[in-house]
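J.: This is what each chain is made of:
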Amino acid sequence: MKRAYIREFKFNSPLGSEWSTFTEALFSGQSGIESARDLMPENFPVKSLGILHGANPQRSKGALALGQELLRSLLQSHQESVDGMIFAVPTEHEASGFFPERQAETLNSIVEAETGIKIPPERLISIHEACVTGLTALAMAAQRIRSGLWRNAVVVVVDVRSTWKEVLDFHRIGALSLRQAPSLRASCPFSLERDGFVKSEGAAAFLLSDQAENAWGEIAGFAQTNDAWRLLDGRPDNEGALRAFKEALSSARLKASDIDCFSAHATSTRVGDALETRAIKSLWGKEAYRLPVTALKSQIGHTGQASGALQVISALAMFQRQRIAPTINYQTPDPQCDLDYVPNASRAAELRHIFCNAHAFGGQNASLILRK
Amino acid sequence: MAKTNLVNRQGEELQEAIKSLLKDLQPDAKIGLYCAIKPLSPPPYPAHFEEYEQEIGPTAWLADLPVTVAHACAALVGARGPVKIFNHPAMGYTQAVEQARLDLQSGLIEQAVICGHDLESARAELLP
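Respectively, the protein sequence lines represent chains A and B.
0 is the number of the first residue of the first sequence in numbering that gives the first Met the number 0; add one for each residue after it.
0 is the number of the first residue of the second sequence in numbering that gives the first Met the number 0; add one for each residue after it.
If we strip away everything but chain A, and leave its shape as in the complex, we get (with noise of 0.2 Å):
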């Protein structure tokens, strides 16, 4: 079988688009909350946002516009052939509508107009998997490299969904944090004062490959199940995320042990957080307290379809530094969440494999494991 590396990537996300800026900000525990005042109407429920700057699609650029620019600078930097791509680009927005077709033909334009290969249609891979999607993207991407079926491939994940409607149906739902609290702190998965999550933005491309040279890091493993349960809840007795863990190391041929970062999809939901703790400890058993836990989300909300995305991005951070980025605004313990959560300073670690973990509406579960 073959190998799928991570050869490149661009990103943007509300901690920055610039490598370096980002990496200082993660490890530093800088949050990329802010205030929606400015972003909102007039007596709008929801206080704090994460917005990509210069990128969002009420001021500025639309999602298919930011997908392009994130695609075009992959390949500009990173030339190589092409032979598919997944993409999740969804659009909220009035005039705008969804057509997958003419967002396939757009990207496309780009990969063309960079390599002078027009990928086929048939390669041209729209999801839409709501908060499983950047992993379940990559995932199926490594899928193909791994079969010999492809040799490169690139991901498109975009999430700039905040227009008031949009964060006016999360917050409908219950799923928003109303705390009472400075932005920056309004996101602390794990901690007892967590409340719900904050609507935030993101995006990211990756180039993929059955090279291992010059490589971030490897996608050693995958797996995807589903609760078959209800629509918005997780199955209180973790089955469908329990096998995801056992499906995801398997396919990577590595015991529990092996893992040494779990970044949790952790959203700040009182009961998200508290199942996600209570799958880590069933298949950890009493090692769960020995496995660093990191929310990325404590910095940048959630970012939707891209939120696994990002997640791959800072754990090829964390392989490159060799540091846990921590869990920011962690105040109080939760007797539901008793994990070392790497709360509020990142720490030096000895990183080879970072477990990516993500749940989204439909109780679907996703697991992918990195290798550096």
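Don't read these hints as lab results, they were simulated from the structure.
Predicted model only: the values in this text are computed from it and were never measured.
We put the CB at the ideal spot given by N, CA and C, even for glycine.
Among these hints, one or two may not hold up.
Examples of chain A residues lying across from chain B (beta carbon under 8 Å, computed) [stated by the list, open to error]:
#	residue
1	127
2	142
3	164
4	167
5	171
6	223
7	230
Stretch by stretch, here's where chain A covers chain B in the computed footprint (C-beta under 8 Å, at least three residues) [stated by the list, open to error]:
#	segment
8	56 to 67
9	76 to 88
10	92 to 104
Add chain B to chain A, keeping to what the hints say.
T.: Frame of chain A, contents of chain B only:
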């Protein structure tokens, strides 16, 4: 709210179609669900958020999500493997079949259910 009911109705029709497959599914098999679902363009909504709150139900937007239809089908089928959603209107079904083939070949699943559903056309046909 009419749209919510409409989409749910279409979801139910898809579930009816899938029900006919259930007898072929093995108990306890690892089943993957592969859906080609063309997403809905956002329908018009009030210009101000307070009107939106008054006029539109808090969960109406969930009915527009492809993942909602897929979730209902996954629960019906008992699909506990991957639930994949492809939304290219012309290529989505081909891509769903190809993904199912890959997952079967690699042993990720033992059985695959593949379905197609066009929420946009359903709305266009049934709404005035």
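J.: For every hint, state whether the structure bears it out.
T.: Evaluation of the provided hints:
1. 127: This interface hint holds because 5 Å falls under the 8 Å limit.
2. 142: For residue 142 of chain A, the interface hint holds, since the closest Cβ of chain B sits about 6 Å away, which is under 8 Å.
3. 164: 6 Å, holds
4. 167: 6 Å, holds
5. 171: 4 Å, holds
6. 223: Since chain B brings a Cβ to about 4 Å from residue 223 of chain A, closer than 8 Å, the hint holds.
7. 230: Given a least distance of 5 Å, the restraint on residue 230 of chain A holds.
8. 56 to 67: That given contact holds, which follows from 8 residues of the segment 56 to 67 of chain B lying within Cβ reach (below 8 Å) of chain A.
9. 76 to 88: That given contact holds, which follows from 13 residues of the segment 76 to 88 of chain B lying within Cβ reach (below 8 Å) of chain A.
10. 92 to 104: holds (count 6)
Comparing the model with each earlier hint shows no violations; every hint is respected.
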